[in-house]
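Engineer: Please model the complete structure; the sequences and the hints are all you need to start from.
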Amino acid sequence: MWALLALGLLALSDSALAYMGPGAGLTMIGSLVALVIAILAGIFGFIWYPLKRLLKRRRQDQNSVDKV
19 MWALLALGLL ALSDSALAYM GPGAGLTMIG SLVALVIAIL AGIFGFIWYP LKRLLKRRRQ
79 DQNSVDKV
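Quick note on numbering: the sequence shown equals residues 19 to 86 in this note's numbering.
Worth flagging that the hints you see were computed from the coordinates, not collected in a lab.
The structure displayed is predicted, hence computed values, not measured ones.
Glycine included, every Cβ here is placed at the ideal spot set by N, Cα and C.
Treat the hints with care, since some could be wrong.
Stated by the list, open to error - Simulated restraints, written as ranges between beta carbons of each label pair:
(1) Leu30 / Leu69: 50 to 56 Å
(2) Gly63 / Met38: 34 to 40 Å
(3) Pro68 / Leu27: 47 to 53 Å
(4) Leu23 / Ala56: 36 to 42 Å
(5) Gly43 / Asn81: 32 to 38 Å
(6) Ala56 / Asp79: 31 to 37 Å
(7) Leu69 / Gly48: 27 to 33 Å
Structural biologist: Now the structure itself:
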């Protein structure tokens with residue numbers, strides 16, 4: 019019951035009609051850019067490091083075959 023009341027009060031809230039300076043917008047844009055870069059860096063790390071290890075192992079195997 020309380021959750022329904024809280025949801026109703028939130029739905030009926032009126033806008034503040036307050037000035038939001040450029041600092042808030044720039045902060046939001048900066049946070050969004052940082053989030054996107056962090057996600058891309060994570061994806062890059064998950065793909066690049068196993069691939070790098072595979073290529074290194076393949077090179078080592080190829081060098082050991084060439085020496086024999």
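Engineer: Check the structure against each numbered hint from earlier and tell me which ones fail, lowest number first.
Structural biologist: When the structure is compared with the hints, only number 5 turns out to be violated.
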